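**Student:** Sequence:
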Amino acid sequence: MRYLTIGIHFPKPEHLKDIIAVAKKVADEAKKCEGLVDAGSWYDKENDRLVMMSLWESQEHAVNAGSALRPLIMSAPWSDWERQPSDNFLGLSRIA
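Under the numbering used here, the letters of the sequence shown match residues 36 to 131, in that order.
Simulated from the structure, these hints should not be mistaken for laboratory data. Be aware that one or more of the hints could be misleading.
[As the list claims (entries may be wrong)] What follows is a set of in silico ranges between Cβ atoms, one per label pair, in the way DEER data are often shown: (1) E81 x N123: 18 to 28 angstroms; (2) A103 x L127: 18 to 28 angstroms; (3) D63 x P120: 18 to 28 angstroms; (4) E69 x G126: 10 to 20 angstroms.
[What the hints assert, rightly or not] Once the Cα atoms are required to be at most 30 angstroms apart in a straight line, the calculated BS3-like pairs of lysine-lysine come out as: (5) K80 x K52; (6) K60 x K80; (7) K47 x K59; (8) K80 x K47; (9) K59 x K80; (10) K47 x K66.
Here the structure is a predicted model, which is why all the values come from computation and not from measurement. Glycine included, each C-beta is placed from N, C-alpha and C at the ideal position.
Assemble the whole structure, with the sequences as input and the hints as a guide.
**Tutor:** Quick look at the structure:
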């Protein structure tokens, strides 16, 4: 069963480009990981938020990729860059 992760970020205006740069690095690194189906980021201008998504062939692939992706994610000073804490959805279960 495929494994989906979603992160919703709420950038401060002066840090939107910083968050986009991290999102790009994470997506580029994810593309090197086994089992990735798709990864990318979308900007919701109306609600001023950035949505990061990754879809994996399995939870095992996603967990294994974490060793490469987590340091990139953790290197960003999210609490300084965001208006509010991000919403993170890991291991969503498909119901329909």
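**Student:** Tell me if the beta carbons of A103 and L127 are separated by a distance inside 18 to 28 angstroms.
**Tutor:** Distance hint for A103, L127 holds at roughly 21 angstroms.
**Student:** With the threshold set at 30 angstroms, check whether the alpha-carbon distance from K47 to K59 stays at or below it.
**Tutor:** holds, 18 angstroms
**Student:** Holds or violated: K80 with K52, Cα cutoff 30 angstroms?
**Tutor:** Holds, at roughly 13 angstroms.
**Student:** Could you check the hint for me, namely that D63 and P120 are 18 to 28 angstroms apart, CB to CB?
**Tutor:** holds, 25 angstroms
**Student:** Can you confirm whether the C-alpha distance between K60 and K80 stays at or below 30 angstroms?
**Tutor:** holds, 21 angstroms
**Student:** Would you mind confirming whether the straight-line C-alpha gap from K47 to K66 stays at or under 30 angstroms?
**Tutor:** The given pair, whose Cα atoms are some 27 angstroms apart, holds under the 30 angstroms limit.
**Student:** Between the beta carbons of E81 and N123, is the distance compatible with 18 to 28 angstroms?
**Tutor:** holds, 21 angstroms
**Student:** Just tell me: holds or violated, for the beta carbon distance of E69 and G126 against 10 to 20 angstroms?
**Tutor:** Given about 18 angstroms between the Cβ atoms, the range holds.
**Student:** Does the structure keep K59 and K80 at a Cα separation of 30 angstroms or less?
**Tutor:** With a Cα-Cα distance of about 18 angstroms, the restraint between K59 and K80 holds, given a limit of 30 angstroms.
**Student:** Under the criterion that the straight-line Cα-Cα distance not exceed 30 angstroms, is the pair K80, K47 satisfied?
**Tutor:** With a Cα-Cα distance of about 13 angstroms, the restraint between K80 and K47 holds, given a limit of 30 angstroms.
Checked against the numbered hints given earlier, the structure satisfies every one of them.
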